[in-house]
Structures are given as C-alpha cells and as structure tokens.
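Chains as they are written, first to last, in my numbering: chain A, 695 to 903; chain B, 695 to 903; chain C, 695 to 903; chain D, 695 to 903.
Hints were generated in silico from the structure; no laboratory data involved. No residue lacks a Cβ here, since even glycine has one placed at the ideal position from N, Cα and C. Any given hint could be a false lead.
[Stated by the list, open to error] With a straight-line Cα cutoff of 30 angstroms, these simulated DSSO-like cross-link-like pairs (lysine-lysine) come out: (1) B:Lys740 / C:Lys725; (2) A:Lys717 / D:Lys725; (3) B:Lys740 / A:Lys725; (4) D:Lys725 / C:Lys713; (5) D:Lys717 / A:Lys740; (6) C:Lys830 / B:Lys706; (7) D:Lys740 / C:Lys725; (8) D:Lys706 / A:Lys830; (9) A:Lys717 / A:Lys808; (10) A:Lys713 / D:Lys830; (11) D:Lys713 / C:Lys717; (12) C:Lys740 / D:Lys725; (13) B:Lys808 / B:Lys717; (14) D:Lys725 / A:Lys725; (15) A:Lys725 / B:Lys713; (16) C:Lys706 / D:Lys713; (17) C:Lys713 / B:Lys713; (18) A:Lys725 / D:Lys717; (19) A:Lys706 / D:Lys717; (20) B:Lys740 / B:Lys858.
[Said to hold, decoys possible] Computed spacing ranges between beta-carbons, pair by pair: (21) A:Ser759 / B:Trp698: 53 to 61 angstroms; (22) C:Ser744 / B:Ala721: 18 to 26 angstroms; (23) B:Trp698 / C:Asn793: 20 to 28 angstroms.
4 protein chains.
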Amino acid sequence: MGQWERFLQPYKQAVDELKIKLKGMRAQFEKSNETSPIEFVTGRVKPLASIYDKTLEKGLVFEPSDMLAHELQDIAGVRVMCQFVDDIPTVIELLRQRNDIIVVEERDYITNVKVSGYRSYHMIIEYPVATIHGEKRILAEIQIRTLAMNFWASIEHSLNYKYKGIFPEEIKNRLQSAAEAASRLDEEMSLIREEIQEAQKYFTEYKEA
Amino acid sequence: MGQWERFLQPYKQAVDELKIKLKGMRAQFEKSNETSPIEFVTGRVKPLASIYDKTLEKGLVFEPSDMLAHELQDIAGVRVMCQFVDDIPTVIELLRQRNDIIVVEERDYITNVKVSGYRSYHMIIEYPVATIHGEKRILAEIQIRTLAMNFWASIEHSLNYKYKGIFPEEIKNRLQSAAEAASRLDEEMSLIREEIQEAQKYFTEYKEA
Amino acid sequence: MGQWERFLQPYKQAVDELKIKLKGMRAQFEKSNETSPIEFVTGRVKPLASIYDKTLEKGLVFEPSDMLAHELQDIAGVRVMCQFVDDIPTVIELLRQRNDIIVVEERDYITNVKVSGYRSYHMIIEYPVATIHGEKRILAEIQIRTLAMNFWASIEHSLNYKYKGIFPEEIKNRLQSAAEAASRLDEEMSLIREEIQEAQKYFTEYKEA
Amino acid sequence: MGQWERFLQPYKQAVDELKIKLKGMRAQFEKSNETSPIEFVTGRVKPLASIYDKTLEKGLVFEPSDMLAHELQDIAGVRVMCQFVDDIPTVIELLRQRNDIIVVEERDYITNVKVSGYRSYHMIIEYPVATIHGEKRILAEIQIRTLAMNFWASIEHSLNYKYKGIFPEEIKNRLQSAAEAASRLDEEMSLIREEIQEAQKYFTEYKEA
Chain A
695 MGQWERFLQP YKQAVDELKI KLKGMRAQFE KSNETSPIEF VTGRVKPLAS
745 IYDKTLEKGL VFEPSDMLAH ELQDIAGVRV MCQFVDDIPT VIELLRQRND
795 IIVVEERDYI TNVKVSGYRS YHMIIEYPVA TIHGEKRILA EIQIRTLAMN
845 FWASIEHSLN YKYKGIFPEE IKNRLQSAAE AASRLDEEMS LIREEIQEAQ
895 KYFTEYKEA
Chain B
695 MGQWERFLQP YKQAVDELKI KLKGMRAQFE KSNETSPIEF VTGRVKPLAS
745 IYDKTLEKGL VFEPSDMLAH ELQDIAGVRV MCQFVDDIPT VIELLRQRND
795 IIVVEERDYI TNVKVSGYRS YHMIIEYPVA TIHGEKRILA EIQIRTLAMN
845 FWASIEHSLN YKYKGIFPEE IKNRLQSAAE AASRLDEEMS LIREEIQEAQ
895 KYFTEYKEA
Chain C
695 MGQWERFLQP YKQAVDELKI KLKGMRAQFE KSNETSPIEF VTGRVKPLAS
745 IYDKTLEKGL VFEPSDMLAH ELQDIAGVRV MCQFVDDIPT VIELLRQRND
795 IIVVEERDYI TNVKVSGYRS YHMIIEYPVA TIHGEKRILA EIQIRTLAMN
845 FWASIEHSLN YKYKGIFPEE IKNRLQSAAE AASRLDEEMS LIREEIQEAQ
895 KYFTEYKEA
Chain D
695 MGQWERFLQP YKQAVDELKI KLKGMRAQFE KSNETSPIEF VTGRVKPLAS
745 IYDKTLEKGL VFEPSDMLAH ELQDIAGVRV MCQFVDDIPT VIELLRQRND
795 IIVVEERDYI TNVKVSGYRS YHMIIEYPVA TIHGEKRILA EIQIRTLAMN
845 FWASIEHSLN YKYKGIFPEE IKNRLQSAAE AASRLDEEMS LIREEIQEAQ
895 KYFTEYKEA
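Here chain A stands alone, though its shape is the one from the complex:
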C-alpha cells in the first residue's frame, strides 16, 4: 500500500490545490458583485478499487507506473457544478485562460450526449505539482455540468454500481426518461436565464440614460 500511497500523493495534492483554486474563482465573482457561473466544486482521487477495475478493462498491469499515469487520465478528478447550461462555456473559457493549467483535451458530452443519457463537459488538463522531490506534471480531469446533469449522473452512477452497467430494460427506460426530464429542466431554466439577462440589460440601459 505504501507504494500506491506515494504514487497517489501528487494526485491528492493536485485535487486539493485545484479545489482551492476553482472555489476561489467563485469567491472572486461574488466579491465583484457578479453572479458566479460556478455554483460549487467537488473533487476526489480515484479510489484504488476503481483504478483496479479500470486496469482490468484496459488490459493494463495493476501497479504504479508512468504507463498507468498516462492511460488513466482521471486519477485526479475535479467537478464544477453550474446553475445554467449557458454558464458552462463561461467556465470552460475561464479554465482555458489560466496560466497554471494546460488543457490537453476536451470532450463535449453536452453537444454529443452519450447513449446512456449522460451529459457533461470534460477537460483533461496537465497540472504541475511542486513536490519535495521536485516538480511532477500530472494529468487531471475537470468535469463541468449543471446541477440537473449532476443529479442524474449521481443516480446513474449508483445504479451502475449495482448493475455493473448491464441495466434491466425497465430501469434503462426509466433512466432515459429521467435524463430527458433533467434535460428539459435545463432547457426551461436556460430560457428563464435569457429573460433575466434581457431584464438586466433593460434596467442598465434605463439607468445609463
């Protein structure tokens, strides 16, 4: 276990730092009296059991290695939750502009919804961690999603855990219709958001006149 602990330590450090950094962005919006596109932020290091499952799936040896670090891009994972779908591009842009992370890859499961109904925006980043043995550049995954996307995904995740991905037809159907309901909710909210912004524009014009 000591070997794994050492291997995972920079990932844990990266998650801690990224959480502090992204939560800080939220605080900065609030201090500037702007509504934050970030609602809240969570993070985790992939549990050993999930790493093991993943190595089986990918035909990799289950031991700490550069190969593993290269193949498993979500050992360090951070999740950003937004209130509105339209907040997501804002968050993506803010992340692209940061100097302390390098975006390596982006996967847009919002435009291209997964067949399961899963929606989310994924960014794979390279992040430098200053360790006591020198700098270590690790890969991390940032997931950006609305509260509704997250709500659905967390339920699918726990069902997945039960059924190992092979859902009974009945449950599959329900999950899908739930995904649609979540998606509809997001759409309606988007429309309200536009109206808020229009209302705000109106008031601003008025004030400046």
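Starting from the known structure of chain A, arrange chains B, C and D on it as the hints suggest.
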C-alpha cells in the same frame, strides 16, 4: 455590530455543531455498509440583511432580543439533501429519535406543496448550546429535501431575489412547469428505487436459501 | 478492519463534535472582547497501532469490546492549548460547568509533575454521541496544557517513539533540563501575566474615576 | 469596504493556496516515511486595522493601490513551524527549489536576532494568482520558525498590542529572559536531534551490513 455578533454567536455555534452531527450520520451509514438516506448537508446563519427584511415583514423591532429569537425560527438553518423522496421520512425519523435535539414543530411542504411549487420538509427544533456564559437554548430550522427539490428551490430563490417575489407571468409559468418537471423526476426516481430494493430483496432471499 | 471502523466511528464523531465545541468557546471569548484562555484545540482518535500496544501492555484482548471501551479512556482525545499556566484552571472550570459532558476523573500532572518531566492536566469525560443506532455514551480524554508544556511533550513523544521509552542517560538528562527550561518559561510568563492584569486593573480604576 | 475586499481578494486566495501547498509538503514527507521538517502551517491576510497602522508608520495613503501592494510585503502571510532549529534550512531550501514561487528577498533574524529577542526566518516571495480577470502577481511573506520561537513571538505580540511597543522596563527584562530561555530550549533540542540522527545512522549501517 458587536451586539449583533454576540447575539448571533450561539446560532453560528449551533449550525456548526448540527452540521458535524448530521454529516456524522451519513458517515455512520457508510461505515455500516448501508446506503445513506443523507446525500449531503449544508448550513448557514441567516444574514443580517435577511433578518432585517423579516423584521419589516413581521412588524418587529430590528434589534437583538428574546422576542426576535422567538419569532424568527430560522436564524440557524441546516439543510439535508436526499437522493430519493422516500429517504425523507427515514431522515425525519432519525432526527425525531435523537436525544440532543427537541422537535418543536414540523411543516410538510411535500404533501402540501406551496402554490409557488416549493417542496421541502421543515422541522423547527430546540437545541441547547453550551456557551461560556452557560447553556442557551435556541431555535433552529432543519430543511429536508431531494436534490431535485433543492435544485428548483435554489433557482427560485435567486429569481426571487431579482424580482422581490413579484414574478412576471411568463417567468411564473416557466418556474411552475420547471417545478413539475423536477417533481416528475423525483417520481420516476422513486419507482427505480423501489425496483432496486426489490432486486436487493431478491438477492438477499437467494443468498439466505 | 470493518469491525474496528464501526467500533471507532462514535469516537471519531465525538472528537469532531468536541473540537467544534471547544473551538466555539474560543470564538465566544473573542466575540465578547475578552482574551480567550484557549489558544487552540486539536483532536485525534487513537491509531489502531497504539491501541494494539496498549492492549499488550494491559494484558487485554485486541478486539472491539465493551471491556476495551472501558479500559482505554483515551481512544477519543482532545487537547486544549493555553498561553499561560493560569489559564488552565479557567478552562477546567468552563469544562466542569458544561451540561453536555460529564467529568468522570481528573488527573493533575501540573501540581504532580511526572518523573519524566511531563506536565499536563487530564480530564476523563463521558460524552453522549447520538448515532443512527441510538445514543452511545463513550469515554474521552481532554488534555489541557500550555504551549511550552505541549512543545516539550511533542518532542518527548517523538523521542519515545524512537527509543520505546528506554532513553539513553544523555538524552534523559537533556530532556529533563529541557523540561525545566520549559517550566521556567511558563513561570516567567505567569509573572508577566499578573502584571498585565494589574496594569489592566489600574487602567480600569482610572477610567471609572 | 467593497474596494478593499476586491483589493485583498487575491491575497486571500494566495494564502489559501500557499497553506494547501506547504501542508502538502508535510504530508509528502510522512507518506515517504521521512520525518517532516514542517510541524504545522498557518496563514492569514493582514487585518485592515494593521494595514492602516502600517500606512501611518510608512507615511502612505490608506487606499488600495499598486504602491501599497509594493510597500507592504506581508499583506499575505504564511507561517511554517519546525520542531528543531536545524529543520529551518531544510524548509528554506525546499521553498527556494519550488517553481511556483519566486523568492524576492530573505531576512535571517535567527543569525541576526532582533534586539527585542525576536527570532525567525523571513522570505518575501512573488506568487502568481490566476484570477477571473487574469493573472495577478502578488508579494507574500513566509515566516519560518521553531515552536519555541513561535511561542515567545506570540506572547510578545499580544504584549505589544497592549503596550504599543513601549514596554515597562520590568516587562522588557522578563521578555528578554524568556527569549533567552526559549533560545536555550532550542539549543538543547538541537543537541538531542544530532544524537537521534547519529543513532539513526548507526542503526542504518547495522541493517545494511
């Protein structure tokens, strides 16, 4: 401000303690290898601006007093989020059984949905805080709701803040249809939950045979 | 391990609650514009390895049991650090007056310094933890000490870990003279404290005149 | 206040990030089964009242400005506590090697003890904070000291606050003799540390033989 800070201090202490206590319940379920009916817990002391608004609304004097402590039952507020609607009665029962809080009142806005579409279960509790000047019994509000209820409520709350409660017809309609979508989502999820439990029962029977 | 985790869970919960409660006392002094007798608070659950060592030492079976819970009174441990020796009786009195803990035993290693040079005040308390399976009353140890006492104790502890309690004569002598220096530091500080308080009294008389 | 809050926000962010980063170094030593030269880490943003006092002292205008950011180098402050004096150079070297901070200045109040008796090692660093409005490079101060140095300094600080730096002769003398006692404690501890390391070397040789 010093006077208000002193008045609010036991409420802040109560929120901190209640958060630790309810988060602890979640951890206990996990350690027992049972799925937790509690998904996550948040808490806050009512901001001074909101206390001020409330005194105006209720025709009270805006100053720290026993009257205020008696009339405003949500100065200390804790919120428990559940994955499924059926987790809510479990949480209510667990709270009723605790020796360290006294349930003073319960309001069921899930059975009796508010006209706005608001759904949530509220408990007003009495909670003893041991301060450096002796024990102080304060009132606190615990809100119990699903993630979908919370999702809708947080959006309604920010719109409320914009429109001061007087929504344009268009937005009112959208909020209501969103409330229905959120509610539908919860219902579908409930059905899936039952199937999971049936599935679990089946597996359990099989194992014991 | 699952069995131990379950056994230790209420202790972890107790440590979390006691830390929040004692840190809260500090905050209350600050809000009241009084200097706090509490400088900072730490806590820990006794690591399994130390529990194991203790069972060997006491001739107990190393397994979760009521016997163990009764014999090992410091499985849950909280430490209160004070700036001045004279703050310690104040903290003791505040703890005795709380309704949410029952003081079971007190050991005064400040009046009765251990031969090693160890100084600290220990209180064994009974503390009720509301768990999901009902109330559980556990034992916990609260240690109260000055920063200087703590400084010395933490160094002795790490040496103890190295030498398993059997110190070479040289080191034993040094530790003892260090203990004396730490003690002298506390005494001198106490004298300054009295002068501060006299000065404060003087100023107060002057103001009231 | 809004203006000050915005000015101070990147400093708060820097303190949060630096705390996470330096605490992480401690964790890395532990995971590598090496004794950590870092005992614990604290941090704070300079309170507005202290910033005000400093502007008076330096003849600066009390308002958020680049001038202020340049002149006050300790608006963001982080403190690293060590068990032994000999741990301090190790920490300094680790900080110099990090790529994410630039050391701008170093002040060695351990070799050159202040007349008051104050001992500590100060590093002024430049630290880039990625904000929502782009990167901002701020100055921060890292103080490195032993527990004994910190113990004495925290008491001197609270007396300073009382006496505004002009101590009565009596107290000045006591503070000085306390500083000497603290210093003596550190020296004795250093000697023990060397013996531990010699002991360790001995054991290691033995093992490898």
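Comparing the hints with the structure gives:
1. B:Lys740 / C:Lys725: 18 angstroms, holds
2. A:Lys717 / D:Lys725: Holds, because 27 angstroms separates the two Cα atoms, which is no more than 30 angstroms.
3. B:Lys740 / A:Lys725: 19 angstroms, holds
4. D:Lys725 / C:Lys713: 26 angstroms, holds
5. D:Lys717 / A:Lys740: Satisfied, since the Cα-Cα distance of roughly 21 angstroms is no more than 30 angstroms.
6. C:Lys830 / B:Lys706: 26 angstroms, holds
7. D:Lys740 / C:Lys725: 19 angstroms, holds
8. D:Lys706 / A:Lys830: 26 angstroms, holds
9. A:Lys717 / A:Lys808: 28 angstroms, holds
10. A:Lys713 / D:Lys830: 19 angstroms, holds
11. D:Lys713 / C:Lys717: 20 angstroms, holds
12. C:Lys740 / D:Lys725: 19 angstroms, holds
13. B:Lys808 / B:Lys717: 28 angstroms, holds
14. D:Lys725 / A:Lys725: With a Cα-Cα distance of about 38 angstroms, the restraint between Lys725 (chain D) and Lys725 (chain A) is violated, given a limit of 30 angstroms.
15. A:Lys725 / B:Lys713: Judged against 30 angstroms, a Cα distance of about 26 angstroms means the pair holds.
16. C:Lys706 / D:Lys713: Distance ~25 angstroms between Lys706 (chain C) and Lys713 (chain D) Cα, so the pair holds.
17. C:Lys713 / B:Lys713: Since the Cα atoms of Lys713 (chain C) and Lys713 (chain B) sit roughly 13 angstroms apart, the hinted pair holds (cutoff 30 angstroms).
18. A:Lys725 / D:Lys717: 27 angstroms, holds
19. A:Lys706 / D:Lys717: Since the Cα atoms of Lys706 (chain A) and Lys717 (chain D) sit roughly 12 angstroms apart, the hinted pair holds (cutoff 30 angstroms).
20. B:Lys740 / B:Lys858: 18 angstroms, holds
21. A:Ser759 / B:Trp698: 53 to 61 angstroms: Between Ser759 (chain A) and Trp698 (chain B), where Cβ atoms are some 58 angstroms apart, the hint holds.
22. C:Ser744 / B:Ala721: 18 to 26 angstroms: Hint holds: Cβ distance 22 angstroms, inside 18 to 26 angstroms.
23. B:Trp698 / C:Asn793: 20 to 28 angstroms: 26 angstroms, holds
Hint 14 alone, counting from the list given before, is not met by this structure.
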